[in-house]
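Mind docking chains L and H on chain V? Use the hints.
Residue numbers (our numbering), protein chains in the order written: chain V, 1 to 274; chain L, 1 to 108; chain H, 1 to 150.
By construction, these hints were calculated from the structure, which means they are not laboratory data. Owing to the predicted nature of the structure, the values given are computational and were not obtained by experimental measurement. Hints are not guaranteed to be accurate.
Below, in silico cross-link-like pairs of lysine-lysine (DSBU-like), each with a Cα-Cα straight-line distance of 30 Å or less [what the hints assert, rightly or not]: (1) H:Lys139 with H:Lys51; (2) V:Lys200 with H:Lys142; (3) L:Lys35 with V:Lys140.
According to the in silico footprint, chain L covers these stretches of chain H (three or more CB under 8 Å from chain L) [as the list claims (entries may be wrong)]: (4) 54-66; (5) 88-99; (6) 107-115.
Label-pair restraints from in silico Cβ distances [stated by the list, open to error]: (7) L:Gln20 with H:Gly50: 21 to 29 Å; (8) L:Lys8 with V:Ser111: 49 to 57 Å; (9) L:Lys40 with H:Lys49: 23 to 31 Å.
Every residue, glycine too, gets a C-beta built ideally from N, C-alpha and C.
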Amino acid sequence: MSIRYGSLAGLATAALVLSAVATSGEELERKGIPAPPGHVFQTIISGYQFRTKETRALQDDDLENPGFLAVERAADVWKTVDGGEGKSCMSCHGEAEKTMKGVGAAMPKWSEKLNKPVNLEQQINICRTEHMKAEPWAFKSKELTDMTTFVRFQSRGLPVAVKTDGPMSPWFEKGKEIYYTRVGQLDLACASCHEKNNGKFMRADFLSQGQTNGFPTYRLRDQRLIPLHERFEGCMFDVRGVPYKPLSDEFLALELYVAWRGIGLPVETPSVRN
Amino acid sequence: MADKPRIKLPKEAKKGEIIQIKTLVSHLMESGQRKDAQGKPIARKIINKFTCEFNGRPVFSCALEPAISANPYIQFDARIDEEGTFKFAWTDDDGSVVTAEEKIALKA
Amino acid sequence: MGAINRRQAFLLGGGFVALTVLPMAANAEPSNDAAELIKKFTGGKEAAKGKITLDLPEIAENGNTVPLALTVESPMTAENYVKEVLFVADGNPNAGVATLMFTPMSGKAEASIRIRLAQTQNVIAVAKMSDGSLFTERKTVKVTIGGCGG
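Pulled out of the complex, with its shape left as it was, chain V reads as follows (with noise of 0.2 Å):
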């Protein structure tokens, strides 16, 4: 069940873009999708398209990508009881193939009743808390990772489809600051690397476009699933930055902003990614 990008190319067969250069002077057609008008893209490309072809076969095969192994242990654990209201996930949700499809891609969404968007982290951590009485998974935990790794693969092939107006202005403002604002003793922004130079090299590092729509992804580097705040987290601290914490509202507000940067990329999780 690997990503057609055949039906998508066919789409936007009017807007393919030649991306910039690589070092060795090839020039290289990324597949991608048009953007919406008034969006920061012309054209919005997965990180999948980014990645070596090796790479990308080892995503393309569900057995091959290591991603699925958490998936697994996952789909056995939403069936598991925990807590002390004897219930499992499957116990309110059932069948996560039906009840989970589009959650993931539509995260982080407005909660009424903490007033500020949440994210798919942050909503297992509710459900378990208060509709559980479990006690809530650590953040970057196996646990919570393999969850919500598993709840996103149900939206996988689905578009980004996050919700950015109303009460979620403020906070896509907020992000979309952070994304823009140099932090570190590198003195760098997201955007100096993901806006500005896709597409090109940064000593050995190929550079994406920043995309979120394979998160949690497995990095080869790292040999496992990597969250998003983590993800987050790295970046900052590699340009020498203080990192905001993982789930904070910092965190959140960028989340928010990064996935309408994606918006109508398919969900890839679990992606592959170096």
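Quick look at chains L and H alone, frame taken from chain V:
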């Protein structure tokens, strides 16, 4: 190393057909090269052996070193001459073994 | 190599991709036990070139997970089959990577695994046939480090 291994092979094959088997198992494959936050070396702990048998006879096996990536992926072929059961086994440095079985039928 | 000049220091400090693809890296003498492991496997016998196709990326996306595919030409009959294939990496802290054992029931001497490469180096395969003959193949894989993603 308690997770279920992931295995892919056809459910049936013609007599004499050579099939491809894909396996993926969850394991850190701690190389022994890494150091912890205090600078102390983290002990090696890897899957050092993988074996595949068919109807009790060896088909393919390998001895693995720490240079194998985490979550070892092993893909190989097998010629099907009769129906039967594949038995797979992954052995950890600590002696524990994870096993799995898959059946295959002969196509008429 | 004598004292390096400023230009060389700049290149080294800059960690340019180009540095890791200099030919000298590939032809350098192995710095680990690669030669010993090969000698132990071959019993000192010479291995001929041929029969082995070793598929590795020219430039690894990341040295921690490098896909490797092997094909050895052989009828894989009881009289004539590939018995064992040794893989070593001559630039890793330890050269040993894996030893694959085939049988006639394998049907084809083909396999795929994923390996860790600490730096640009050669991956060497040595195949031992059922009649004792030996074949070898090597591939250079460029491994880059640096940038922001690691």
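Checked hints:
no., hint, verdict
1, H:Lys139 with H:Lys51, "holds, 14 Å"
2, V:Lys200 with H:Lys142, "holds, 18 Å"
3, L:Lys35 with V:Lys140, "holds, 20 Å"
4, 54-66, "holds (count 3)"
5, 88-99, "holds (count 8)"
6, 107-115, "holds (count 8)"
7, L:Gln20 with H:Gly50: 21 to 29 Å, "holds, 24 Å"
8, L:Lys8 with V:Ser111: 49 to 57 Å, "violated, 40 Å"
9, L:Lys40 with H:Lys49: 23 to 31 Å, "violated, 44 Å"
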